[in-house]
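If you read the protein sequences in the order shown, they are chains A and B. At position 25 of the first sequence (counting the first as 1) the number is 25 in this note's numbering, and the numbers step up by one without a gap. At position 55 of the second sequence (counting the first as 1) the number is 55 in this note's numbering, and the numbers step up by one without a gap.
Since the hints were derived computationally from the structure, they do not count as laboratory data. There could be a bad hint or two in this list.
[To be verified] Cβ-Cβ distance ranges computed for the label pairs, FRET-style:
1. 60(B) / 110(A): 26 to 34 Å
2. 101(B) / 144(A): 33 to 41 Å
3. 103(A) / 102(B): 47 to 55 Å
4. 132(A) / 8(B): 19 to 27 Å
5. 146(A) / 62(B): 17 to 25 Å
6. 124(A) / 87(B): 30 to 38 Å
7. 91(B) / 2(A): 57 to 65 Å
8. 84(B) / 65(A): 17 to 25 Å
9. 102(B) / 154(A): 22 to 30 Å
Glycine residues also receive a C-beta, built at the ideal position from the N, C-alpha and C atoms.
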Amino acid sequence: MNNLTYTVIFYLFAAITVFSAAFVVFSRNVIYSAFSLLFTFFGVAALYVFLSADFIAVTQVVVYVGGILVLLLFGVMFTKGIMNTELKSDVLHIVPGTLILAAMLSALLYTFYTTHTWKPSVIQLQGSIVERIGYETMSHYVLPFEMVSILLLAALIGAAFLARFDKPDNNNL
Amino acid sequence: MEHLIPIGLNHYLTISAFLFVFGLFAVMTRKNAIVVLMGVELILNAANINFLAFSKYNGGIGGVMFSLFVIVIAAAEAAIALAIVINIFKIFKSVDVSSIDTMKE
Chain A
1 MNNLTYTVIF YLFAAITVFS AAFVVFSRNV IYSAFSLLFT FFGVAALYVF
51 LSADFIAVTQ VVVYVGGILV LLLFGVMFTK GIMNTELKSD VLHIVPGTLI
101 LAAMLSALLY TFYTTHTWKP SVIQLQGSIV ERIGYETMSH YVLPFEMVSI
151 LLLAALIGAA FLARFDKPDN NNL
Chain B
1 MEHLIPIGLN HYLTISAFLF VFGLFAVMTR KNAIVVLMGV ELILNAANIN
51 FLAFSKYNGG IGGVMFSLFV IVIAAAEAAI ALAIVINIFK IFKSVDVSSI
101 DTMKE
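The following block holds chain A by itself, in its conformation from the complex (with noise of 0.2 Å):
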C-alpha cells in the first residue's frame, strides 16, 4: 500500500510536469507559457526529491522560480505591454517542427525501453544528501566551483552592462 501511494505521488508529479511542459510550448499566448513553466518547474522539483537529491530540489526552486522565471516574465513585460493584444507569439515551420517532436520522441523512447535493460548498482543514494555534496564540493569539485562562481560573476556584470538604458556614447568602442 506504502508503495502504491509512492507509485501514485510519482505519476501525480509526471503528469504536472509533462502537462504543463506541454502548455508551455503550444500555448500561444507567452504569458500563459511563463506561468505554465512555473507548474513544469515545480514538478521538476518534485521529481528532484523522489531520486533523493533534496539540495538540488530546493535550488531548482530558488534558482528557477525565484530566478530565473522572474527573469523570463520580466523579459515578456519588457518587450510587450502586458495587456497587448499582440502577446501571441507566432509559429513558423510548424509540419518538419512537429515531424521531428514526434520522431525524435519515438526514437528515444524506442531506444530507452526496447535496446537494453538498465542494471541499477546494489547501492543506490538513499535519504539527504546535502552533507556528501558540502564534501564533494570543498575536496574533489572546489576548482570548477570557483571556476563557476568566477563565471557566475562575469556573465551578472555582462548582463547589467548589455541591459543598461542608457549608454554612454560608445563610439570609441
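Starting from the structure of chain A, add chain B where the hints point.
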C-alpha cells in the same frame, strides 16, 4: 501493468525525453525569442533529470554535482540571453527571431 508500479530508471528517462522534445519543438518553431529561451530551459531541466536519475541508480554523487553546475550555467545563460533580447527589442522594436536579419545598427 506490473512494470509500471515500481518506479525505475525508465520512468525518469521517459519524462526527460518528453521535456527534451517539447523544448526542442519550442526552439525550432516559435518566433518569440522569450519562448525560445523557455524551450532552452526545458532542455536543461531534461538533462538535469537524466543526470540525477543516473546518479541515484548508480549510487555516485557525480551526477548530482554536475546538475548543480548545470543550474548555475542556466542562470547565467538566462541573464545574458534576456539582456540580449532586451537590446534586440530596443533596436528592432520586436522580439521576432525570424525578422532579425541585420548585424549592425
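Consistency of the hints with the structure:
1. 60(B) / 110(A): 26 to 34 Å: 27 Å, holds
2. 101(B) / 144(A): 33 to 41 Å: 38 Å, holds
3. 103(A) / 102(B): 47 to 55 Å: With a Cβ separation near 34 Å, residue 103(A) and residue 102(B) fall outside 47 to 55 Å, so the hint is violated.
4. 132(A) / 8(B): 19 to 27 Å: 23 Å, holds
5. 146(A) / 62(B): 17 to 25 Å: 18 Å, holds
6. 124(A) / 87(B): 30 to 38 Å: 47 Å, violated
7. 91(B) / 2(A): 57 to 65 Å: 58 Å, holds
8. 84(B) / 65(A): 17 to 25 Å: Roughly 23 Å apart at Cβ, these two residues keep to the hinted range, so it holds.
9. 102(B) / 154(A): 22 to 30 Å: Distance hint for residue 102(B), residue 154(A) holds at roughly 28 Å.
In summary, the structure is inconsistent with hints 3 and 6 from the numbered list given earlier, while agreeing with the others.
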